[in-house]
Amino acid sequence: DIQMTQSPSSLSASVGDRVTITCRASLSFINYFNWYQQKPGKAPNLLIYATSTLQSGVPSRFSGSASGTDFTLTINSLQPEDFATYYCQQTHISPYTFGQGTKLEIK
Amino acid sequence: QVQLVESGGAVVQPGMSLRLSCAASEFTFRNFAMHWFRQAPGKGLEWVAVISYDGSSQSSADSVKGRFTLSRDNSKNTLYLQMNSLRDEDTAVYYCAREFYTAAIGRRFEPWGQGTLVTVSS
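Chains as they are written, first to last, in our numbering: chain A, 1 to 107; chain B, 108 to 229.
The hints are simulated quantities; they were obtained by calculation from the structure and are not laboratory data. Since the model is a prediction, treat every value here as computed from it, not as a measurement. Be aware that a few hints might be false.
As the list claims (entries may be wrong) - Each computed BS3-like pair below joins lysine-lysine, with the alpha-carbon atoms no more than 30 Å apart:
(1) Lys42/A x Lys150/B
(2) Lys172/B x Lys42/A
(3) Lys42/A x Lys103/A
Using the sequences and the hints, build the whole thing.
Structure representation (structure tokens):
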């Protein structure tokens with residue numbers, strides 16, 4: 001199975017900050033990579049797919065990128081509604097593994 | 108709007124069976140592969156299994172292989188997860204999700220249902 005190492009596991013930031021969350025894959029040449037946001041008691045919500053494509057309806061302050069086996073989610077100008085847990089997922093090969101999650105909290 | 112609604116979660120004893128349902132609405136259900144994911148309390152997300160758009164093939168995670176079976180009734184727009192020989196470690200919220208796939212952009216899962224809680228405990 002492809003292992004996804006997500007960091008940091010938690011992050012404190014303020015409204016207006018720029019934050020980055022990173023996932024490192026255990027396998028090279030992963031082409032298909034998604035990011036999800038999950039709020040307490042709710043289902044995950046797709047933010048970004050295919051590494052950098054913004055899901056319809058997702059604000060443009062969210063962006064995704066990749067460099068080698070490292071995949072990054074960037075949130076510019078944090079808004080109050082962005083404080084949540086974020087998960088990365090590879091969909092290159094089954095099983096479609098997730099990172100461990102990053103809990104983004106208000107500083 | 109496009110919606111998935113899971114049901115069937117319950118408290119069961121180890122070794123027992125349970126069937127979850129996922130009712131789809133506002134999209135052409137028969138055209139899409141469907142997946143189940145789960146999330147143990149306070150833990151991360153885990154992919155569980157997938158069934159093809161017509162139900163002719165399925166695949167599952169090693170952790171549930173041989174115990175969990177997917178099926179679907181395209182005439183009722185409903186997906187099922189039959190869980191047998193349940194274990195303590197199967198305790199989780201179970202989510203169904205629709206798969207979008209193209210060779211150019213791979214797979215994405217959207218939307219997800221609201222989830223249904225399965226608790227395995229003696």
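- Message: Would the hint linking Lys42/A and Lys150/B be met if the CA-CA limit is 30 Å?
- Response: Holds: Lys42/A and Lys150/B sit about 14 Å apart, inside 30 Å.
- Message: Check whether the Cα positions of Lys42/A and Lys103/A lie no farther apart than 30 Å.
- Response: Since the Cα atoms of Lys42/A and Lys103/A sit roughly 14 Å apart, the hinted pair holds (cutoff 30 Å).
- Quickly compare the C-alpha distance for Lys172/B and Lys42/A to 30 Å and report which way the hint goes. Within the cut-off at roughly 27 Å; holds.
Comparing the model with each earlier hint shows no violations; every hint is respected.
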